[in-house]
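Peer 1: Line order of the protein sequences matches chains A and B. Going by the numbering used here, the residue at position 153 of the first sequence is 153; the numbering climbs one at a time, nothing skipped. Going by the numbering used here, the residue at position 65 of the second sequence is 65; the numbering climbs one at a time, nothing skipped.
There could be a bad hint or two in this list.
[Claimed, not checked] Below, a sample of chain A positions facing chain B; criterion: calculated Cβ distance under 8 angstroms: (1) N49; (2) M51; (3) V72; (4) M82; (5) Q84; (6) L103; (7) F200.
[Unchecked claim] Pairwise CB distance ranges (calculated): (8) A:A172 to B:D112: 24 to 30 angstroms; (9) A:A67 to B:A108: 20 to 26 angstroms; (10) A:E73 to B:T59: 45 to 51 angstroms.
[Unchecked claim] Some chain A residues flagged as far from chain B (calculated, every beta-carbon gap over 10 angstroms): (11) D13; (12) L23; (13) G38; (14) D63; (15) D65; (16) E73; (17) P89; (18) R91; (19) H194; (20) P221; (21) A227; (22) A265; (23) V267.
Calculated directly from the structure, the hints in this document are not laboratory data. Backbone N, C-alpha and C fix where the C-beta goes; we use that ideal spot for every residue, glycine too.
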Amino acid sequence: MIEYRSVGKTYDDGSPAVDDFSLVIPSHSTTVLVGSSGCGKTTLLRMVNRMVDPTHGQVLIDDVDIATRGPVELRRSIGYVMQQAGLLPHRRIVDNVATPLRLAGVPRREARERAMDALAKVGLGADLADKYPRQLSGGQQQRAGVARGLVADPNILLMDEPFGAVDPIVRADLQRQLQTLQHELGKTILFVTHDIEEAFLLGDQVVILRKGGVVAQAGSPAEILAAPADDFVRSFVGLDKGRRRLRIAELDGQRVVVDEHGRPAGVLDPTLDRT
Amino acid sequence: MTWARANSDRLVDLMLQHLWLSVVPVVVGFLLALPIGWWASRFARPRAVLLAAGGILYTLPSLPLLVIIPGLIGTSFLDPINVAIVLTLYALALFVRIVADAFAQVSAEVLDSATASGYSWWQRFGGVELPLAGPVLLAGVRVASVSTVSLVTVGALVGVSNLGSLFTEGFQRDFRTEITVGIVLVVILALVLDAVWVLLGRLLMPWTRLRGAG
């Protein structure tokens, strides 16, 4: 469990990134922080592994204030996946993935074996292991980034817009894979994105942020859609544009689901249609 | 050629003397510039001051320095160490800017990612920053190496023997062959040394050979 206790961060130039933020992130589930740029979501994420230390307030992992833990040791116990994968350009893929293990003192051979396993788990072939990052596509690099985040089997995985820089088809693929992995591994994942669709797809808990890390609403995707807290949330999740309000219509003799503007959004599954 | 063959022993001696007078300043200047340049790459204010200081240092004429240095540190006028010190200062002046640029071009995201993976400061410096600054550092070493090999010849004017001595003697005796041989050997030395740096770079930075292929 990760807990933020009224944390705030003011940067050296005096600009407050986060004012007063509290949240509990339950273990073995995915929490997504979602908001526009400048809402402080990345700052909040980086407080968990002490890449950013809060100006006030506390962050606790399993009831221990992380300010009492050494940052380097803390970071080695937490997986981190970032945008553009952040792979080291001068190390081969397998060495990149093995990095957290090597830093933790795992012998070279064992680290390599576990890195190969992690690569297989994210769907990267062994033939890519000895390549350098720039020899891989963006999607493959991002997979390697996920493998590196998972290789040391951390309880917590931090993901900072990990799929933001790849094209929509690859992104959908990566999202699906993350869901499968999470189903199998049950990590405590804190995920940051500006994409509400991604947040609803991946999050057990979704936290919508305004500027300055103010929580507009936190809850499951269904709770947020069913009872948006205010107009900001309604507009952020797209309820105001009619995209989300679906109804059934008859088109060419077939029952289809359309949005408020009458644009078809899908069909009803005939096996479930009992009306 | 006959003259060169007849004096081959002396030429080899001069070449070795020239070699160490070139390598020591490049290596020492580089090692001194490493922390200074790194510092300059991280903080804007020292950067401006250090780069200006480096620029001024580099414009100081070498001959007066060669005369002043022995008085300052108490060495004899003919001591080759004076030449080594002056050339180290020039190499340092040249390197500070290059080292600062080399570290500044390392991607901040890659450094963040290394920190997030749990690299300590020293591990990150040695395992990520230094190798990624490597190609630019190597380019700097090559420039400094060539310029130092040619600057060493000035030492002959204050009586420190090296391949430059062939120029001073050649002028005094109006003997062109000796001057020509001197020039050829200086160029050869510069090229050989450059090849050594390139080779060393390939051994230490195998990933750079992929450039363009990937």
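Peer 1: Hint check: is the beta carbon of V72 (chain A) less than 8 angstroms from a beta carbon of chain B?
Peer 2: 5 angstroms, holds
Peer 1: Given the range 24 to 30 angstroms, decide if the beta-carbon distance of A172 (chain A) to D112 (chain B) lies inside it.
Peer 2: 27 angstroms, holds
Peer 1: Given the range 20 to 26 angstroms, decide if the beta-carbon distance of A67 (chain A) to A108 (chain B) lies inside it.
Peer 2: Since the Cβ atoms of A67 (chain A) and A108 (chain B) sit about 25 angstroms apart, the hinted range of 20 to 26 angstroms holds.
Peer 1: Looking at L23 (chain A) again, its CB stays over 10 angstroms from all of chain B?
Peer 2: Holds: least Cβ distance 21 angstroms, greater than 10 angstroms.
Peer 1: Beyond 10 angstroms from chain B, beta-carbon-wise, is H194 (chain A)?
Peer 2: The claim holds: H194 (chain A) sits with its nearest Cβ about 17 angstroms from chain B, beyond 10 angstroms.
Peer 1: Does the closest beta carbon of chain B sit nearer than 8 angstroms to the beta carbon of Q84 (chain A)?
Peer 2: 6 angstroms, holds
Peer 1: Hold the hint about F200 (chain A) up to the distance rule: shortest CB distance to chain B must be less than 8 angstroms.
Peer 2: 26 angstroms, violated
Peer 1: Non-interface claim for D13 (chain A): all C-beta distances to chain B beyond 10 angstroms?
Peer 2: 14 angstroms, holds
Peer 1: Beyond 10 angstroms from every chain B Cβ: check whether that's true for D65 (chain A).
Peer 2: Nearest chain B Cβ is 20 angstroms from D65 (chain A), so the label holds.
Peer 1: Classify the hint on L103 (chain A) as holds or violated, based on whether any CB of chain B lies nearer than 8 angstroms to its CB.
Peer 2: Holds - the Cβ of L103 (chain A) comes within 8 angstroms of chain B, reaching about 5 angstroms at its closest.
Peer 1: Would the stated hint for M82 (chain A) survive a check requiring a Cβ distance to chain B of less than 8 angstroms?
Peer 2: With Cβ-Cβ at 6 angstroms, under 8 angstroms, it holds.
Peer 1: Just checking, A227 (chain A) versus chain B, shortest CB gap more than 10 angstroms?
Peer 2: 36 angstroms, holds
Violated hints, in rising order: 7, 16, 17, 18; the structure is consistent with all others.
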